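So you can see what is in the structure, the chains are spelled out below.
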Amino acid sequence: MGDTGTWVGVADKPSVVSAVASALSVRVTFSQPMTNNADLRNATYYPLTHDGGSVAVAASAVTPGPGTYPTYVDLTVNDMTIGTNNYHLAVDSSLENQYGDSMNPAGRTADFNGASNRATVTARGFASDLTLVEITYSKAVKQVNPANGDDALNPTNYNITGGVTVNSATHVTSSIVNLNVSGQQIGHAYTGAVSNVQDLANNVVAP
Amino acid sequence: MAPFYYTIGTPIVIGGARPLDLGQLFDFRTQKPSAVTYPRLPGAPPQVAFLYTGSATEGTAVVVVSGQWCSFTAGGAGKTVKYVMTHAEGAGVMTDSYAAASAVVRVPTGSVLTAGKLAQVCMSIWDGNAHLRAGLDDDMHFGLFDTEAGGFLGNTIILSLDTSYEIAIKKFGVDYVELWVNGNFVSGVAYSAWGYAGAVLHQVEFGLCSSSDDAGLIAYWTQMGIQTINHFDAWDRISNNGSVAGTSPTHLTDFVLTFLTTDVGKRLDTLRSAVVNGSGGNNNGVWKIKTRVGAHEVELEGFVKPGVILDGLHPKRIIIEGDYEAFTYPDDLGKTIKISGSSRGNNGTYVVQKLLEAGSLVDLSGFSTSMKVQTNVCEVATATFVSELKTLYQLIPAFVTEASIAYRQSDAGFISGDTLTFRQNLDDNNYIITVIVSRVRTGQLLLNSLVRNSVVDPGPPVVYDYYPFFLFDPIGTVRGYLEDLLAAGVFLKFKS
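Heads up: the protein sequence lines correspond to chains A and B, in order.
Under my numbering, the first residue of the first sequence is numbered 1, with each subsequent residue one higher.
Under my numbering, the first residue of the second sequence is numbered 1001, with each subsequent residue one higher.
Bound conformation, chain B alone (with noise of 0.2 Å):
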């Protein structure tokens, strides 16, 4: 007999579900942007990297130069001579994305070009709602631009002809694009400045790109370089429906989607908070769901964190040890905190009425210019706190109403065996998406003599730098059988 094992492996832990990021150069030099190839992912076999989408000839319009560069020629008015990398080809690049995309290029003496025409010498990123485009106006002004009747968005460079440039876009989040040629900065844009594109293309384009390009139209491409970084998680859940009341402080609703009992324990972050509650904070925060109110509605609370030091000097303080992200300021404050785990008489609720600079200990809301950041140190409205070290607390929703607001769940997909369900639309088809998965029940062991588990908090409750303690208890079974067949009131003590 032949012998053979297998195991039915499935993913444990789901730890993210992202568009997969894009670093890579293209060469144009030996051949056609068409001809280029790439693996995917590290392993694969390489597959196509761009698309030919020009109405003109490929076979004619585009002639390799061997060792320099491809020659684009648009040979005939209204022709266009371009390539596009869609998501399919593995450019990943979404609203939220940053992205960068850099080509060489170079217009010879005796190309024809167009006023106003800012795409016939070209390179764009589309992210799902804008499309920015870099371009060449006839007088050889470079820049950025969204629509070519409105012009050059911010500052443009004049380049020469029959000279490569090192071209790029970069494009932050939704903050603001970016102009770089030959490594040096031209100009920075807000994302805003672009209107909305349409949600459908997710691709990088480059090449002679206006509808009115001239005949005599030539410039020469010898390489394109991409880079997408993508934080889009498929596996959490992003609604904008999101609604709060004064009413029920720490309820969420959302009236489109629903929530699942199997939500309660997942994090909620309420996001882009636009009221301002009575102490100067505002809805946002990061949360737990603690329990599910029904199919549209849960309950938040914030997380236990141990740390907490309090001064008898400063009674309304409360300052947490080392987690200097502990508070955001303006959005923390007017939010509850809750004290536990005191030997001293220091538990209870209270309102957080100022957020202090870390080590400085400065009021932030005292300064001129007033900007989102983070720090270890509040107080509260009214406390009288003995001085007490390690004590618990945990942040409680206080909301105010506010009719919209965005959240963001995490860990809200499925697992069904190796199938994977996402509760978050993708706005495209085709992506490449990168899965962070472990199939692997892992676990350290040590000798008695290694193991180091500081008792952060005597309590109680005890609180432990790890846990669990004990993996596999090698009598769980016996006990379980000795503890059914023992009569009632008889207990046994194990050790082990």
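The shape of chain A in the complex, shown without the other chains (with noise of 0.2 Å):
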């Protein structure tokens, strides 16, 4: 017969793994299976900062990754500044594996690269107004003070080739702007660019 005896189970507790995001999501991956249970749905249980501060992330929606025991869950967030390691989350310490483990003190925390969809340009011109040209951008862009070098009503970020002068930008929605230009003419196609424009989460507009 061999030896016998007792063994006392050790907690081998949950740790993040990675973060990682796309476009307005996250995507947090444990070290183990978790429960999913409401504090794995938590959103407030998963708080985000960032370096700039000042854009403010917070996690909206929280979807756990398929099965009883998922290894991830997918952060909906708002709009983040594209950077590198520009963002950090830090778990809370509730969350539990499969086994009713909460997660170890020393990995609840990761960095991870902000990541966004930069805004987009559009226009249109209207022979009914030879003086507006439409702008629509692909999402919401600042609208604040004309004076302010990323603002999207600063008619200096628009130039107009094609003898086109840009004199002034108007806010229509928080994603269109209006540009009153002189010197356009019927049947002319027209190339324009925008620059320095910044979206809410002060991601210059695609290049």
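Hints in this document: simulated from the structure, not taken from any laboratory.
Hints are supplied without guarantee of correctness; some may be wrong.
What the hints assert, rightly or not - So the derived label-pair ranges between C-beta atoms look like this:
1) B:Phe1422 with A:Asn178: 25 to 31 Å
2) A:Ala189 with B:Gly1043: 57 to 63 Å
3) B:Pro1046 with A:Asn37: 42 to 48 Å
Here the structure is a predicted model, which is why all the values come from computation and not from measurement.
Cβ coordinates follow ideal geometry from the N, Cα and C atoms, glycine included.
Dock chain to chain to rebuild the complex, using the hints, since each chain is given by itself in its own frame.
Written out as structure tokens, the structure is:
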């Protein structure tokens, strides 16, 4: 007969393995399968901070991965500022693995790169009003003060070739700006560019 | 930097501006007519189809019998229970429209009908001129009528109580009006049998429409179908103020409307001529504005067309190859026809004396019943044509005096940016207009080996199937500079 004895289980607490952002979403991966309970789905248990501090990012929804004991959750977040390790996650200690073990105190945090879809731009001209060009951004952009360099209402941020002068820009919606221009002609095709304008998460429009 | 691109497009060609046609079926089995919606245009949000215009309160007078119909009950003497679709809702009915309104209706036992009140159960079309109605008398005779006092027009049909019928009024422009019941023709009446009912209303109406309905009048309406086809084109200009005189047989005067310099080259059709010239023809014709003589006067000419066949065996005969609508009998009798492009001495101007039936070559004036017909063969009064193929021809007006003649000028409107200006009055507000427009400069590029552009006529001038030959002259800019710089008397020959 061999030796006999008693083993006492040592809790192997779960940790955050990684946090990876895509536009409007962050996937948090754990080292172990987690219990899919109210705590795991509680958005306030995933506080995020941002280096710049100027843009508040808060998890607004938590979607666990598949199964009773998912290994990751997806956080739906506000728009982020694109950057390197500029966001920091510290999950709540009360999250539990499938055996009821709470988070490893040394493994509750992760840094990750902010991600966002930069705003893209389309434009329309109107034969019925040659002084108007309608600029439509794919998302809301800053429209605070025309004097600001990053503001969509700053006419110097727009350049249209072919002899067109941009005189001013006015707010239409959070993502639409009307340019008052001169020098347009019916039947002509125009090329323009927007520079410096930022979205509400401080990301410059897509190049 | 984020690039963007845009083009300020503008309409290049307006193909027409017509009131919107309609073809819709409206179901009242689950909702009142005023609750029925439909998209005016494909993809547009649905909007209300019918307005309630009855004098009775709709909430009590109209009851949905789910899955079957809407029950209309007058509920009081003098009360009407009716709905209309006006222009604003998309009816689009004009005087010249081809329009049909159909309904499924049923009169139940117990409904109290009144003698002579033909509009008590009624469906009608107001077309800006007449009020075309179909209604029911107390003896269940159903037929067309204008005014209740005037009684039915044409044949009637006797309907039965407690039976659903599909009734339809069909209006064919200003020619005639038909009544159909359950898909069977009941009556056809000349449009002229209806009196003038005012220019204001353009709508389809149905319900209990007589102002003297009995309180016990009841009818069930299951559905309405409306189809409207419009030919009126506001991009044209129609005038009834034209005038022509034999002293200037190619000129047209309009003492009310003005002509513009931009009208030159536009098509102008003279219409509804009521005079007969010495050859049996009249002043109707299809012309082009040749010159603007003054603000109220233009000179007209016909379009130059190819395809003339001359046969020396019939020295007065002109055959237009393949164009069986080249001449209109009797309109073109007495008009001038100009032959050009001949290399055999056939050029000249002649007077159309006879129009012959295509194929049989029988003189169209010889038939005992004269009717307007088109053909491709004419004979002129004096000529000694020798055989020749493919010369050109052109009809030229030879107007005789007519103090009042209508005409239609095509492509009369203006474009300014995206704004169209009509020179044709619309007879109502709220039209939904379909504008046929192109903003695209089109061209077709083919491999050289695929180009087919036949010589229709060797000329001179040479006539080809297609023009222009070149959409783009690649050395045109260079040529301009070179020609400017070259000394006088030196000519370059370019190959491209």
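Hints, verified against the model:
Between B:Phe1422 and A:Asn178 the CB atoms are about 30 Å apart, so this pair conforms to the stated range of 25 to 31 Å. Here the CB-CB span from A:Ala189 to B:Gly1043 is close to 27 Å, at odds with the stated 57 to 63 Å. Range check, B:Pro1046 to A:Asn37: about 47 Å between beta-carbon atoms, so the 42 to 48 Å window is met.
Violated hints amount to a single one, hint 2; each of the other numbered hints is respected by the structure.
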